[in-house]
Amino acid sequence: MSELRPDLAAIAAMIRPGARVLDVGCGDGALLEHLKTKNVDGRGIEISQANVNACVARGLAVVQGDADTDLVDYPAQVFDAVILSQTIQATEKPRAVLDHLLRIGRRVAISLPNFGYWKVRLSLLAGGRMPRTNTLDYSWWATPNIHLCTLADFVDLTRECGATIVEAHALNDNGTTAKMNPASLTHGYLGPNLFAQGGVFLLKKS
Amino acid sequence: MTEAPRFLRPVTTPSADVGMAVTFEAPLPLDCGRELAPFTVAYMTYGTLNADKSNAILICHALTGDQFVASDHPLTGKQGWWITMVGPGKPIDTDRFFVICSNVIGGCMGSTGPAEIDPSDGNPWGLNFPVVTIPDMVRAQKRLVEHLGIDKLLAVVGGSMGGMQALQWAASYPDCVRAVVPIACAARHSAQNIAFHEVGRQAIMADPDWQGGEYLLHNTKPSKGLAVARMAAHITYVSEMALQRKFGRALQNRDAKSFQFTPDFQIESYLHHQGASFVDRFDANSYLYITRAMDYFDLAEEHGGQLSDVFRLNSARFCIVAFTSDWLFPPVENKRIAHALNAVAAQVSFVEIKSDKGHDAFLLDEPEMFATVRGFLNHAAQDLS
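From first to last, the protein sequence lines are chains R and P.
Heads up: the first sequence begins at 1 in the numbering used here, then just goes up one per residue.
Heads up: the second sequence begins at 1001 in the numbering used here, then just goes up one per residue.
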């Protein structure tokens, strides 16, 4: 099995063995397959047909669908954890999606890119062009990432949705992750909101 | 098993070889309250059943299909109707799997149906044949599967009405099936679909040669009515886009409009051909009965409309396949099944394949469908070993 992407590894560590998990935007199923080693009963939603086929061939239970429109069909509190990795910024209604995730799962594990990362800020400030980084490598007119935010913005949204942050990890440039105090994201100008390339959060409904 | 299968039996399609057939003496209870006894199930098998009988896959055919899924049709001489899906090295690989396909009861390719002889009076059943349902069809298949000595099927696969049967298998015999592949189907027949079926049935019954359903006694055949039924139905099997692409407004064998009512347009003559070739191989009363069975299909009915409850504690895994341009069983209907399964934590995958070929896509060359089914079945078989 190939090595998991750092944010997925951080999410995997948040999932209890034997849990029932829904991975929204599960891609080719790498995380779900990895979670099988923890006896996790995993399900996926994935928008790309090719990816769904890859998942089916791996023996995973994956439904082709769209987070923006399909989460409404999932009953409340049936999953121990719902995962949304590097996807919220590409949804049409991030607030509604997050509300649904908190409704469907007892815990929500979510990773996202940080638009407050210093390289992004510098790129816009110095270059005067929409930033392109190795994690957000699209022209402004072609990007699927229509709702980018900073980690601080995201923390605000979790409050807005009535969620508590159980755990937070900064995703660093070099692929490492570090535990962070969510308060450090919204107070002061320095800290992970400037230095982290992305974040991984474990949320629960307050 | 108490039933002694009999392999020799007269079949009313005189020149047709129906493959294999088994007649059961013990009655088949039907949803309508009547029972069928004796009854015959005509079937074909492909591949070899392994020693522990764990590699059997049942394929369920659609409204006008039959048991000749992967071998030449004895009446038309045409290739099996799913030769792209079933065969050596194909997604449903007969080098690995033992494939069973049987004609549904109510059908006209050797299984007991309205064209067969009613043992009580020696005449063809006609409309005296009991109205059968999808669960009845599956009950008959279960008897065949038991007869073949198989306790648990590796998979049940089917498209359209075949998909309904696959779902019914999971609902009726959850412990007898490991994997279920319903393709281009729904958990209930929609009002629109019932409406189209009723048009077809009325066309048949309006044909004077139908003779109140007793045409076999009168040596007539309601070919015109059955052809019209097929023509109307065929429109629902293809997408508007595919019809436009294939035929457009092109004229048939003429340079100008005729200002008459003979077929001017290619699409007209295509439909006429579809109708005419259908009546040679299909029984009109069978068409009435099988369309009725589809109309009556509503898997959640017994559960107060709660589809999820049908699948509670179901340990089978499901792979549901839909096609974007299918307006007979649109993706949303297929997806409803996936959501119901998800709600009770069943193992379900759902794939929506981009195709402009309409409902018939499931019978055609759809590489993504093949890849999905192959991957799913491989994994289902692998988990077993």
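Any given hint might turn out to be false.
Partial pick of chain P residues on the chain R-facing surface, computed with a CB cut under 8 Å [what the hints assert, rightly or not]: (1) F1196; (2) V1199; (3) C1319; (4) N1342; (5) I1353; (6) E1368; (7) T1372; (8) G1375; (9) N1378; (10) A1381.
Partial pick of chain R residues on the chain P-facing surface, computed with a CB cut under 10 Å [unchecked claim]: (11) A50; (12) V52; (13) A61; (14) V63.
It is worth saying that the hints were derived from the structure and are not from the lab.
Virtual Cβ for every residue (Gly too), placed ideally from N, Cα, C.
Which numbered hints are broken by the structure, listed smallest first? 1, 2, 10
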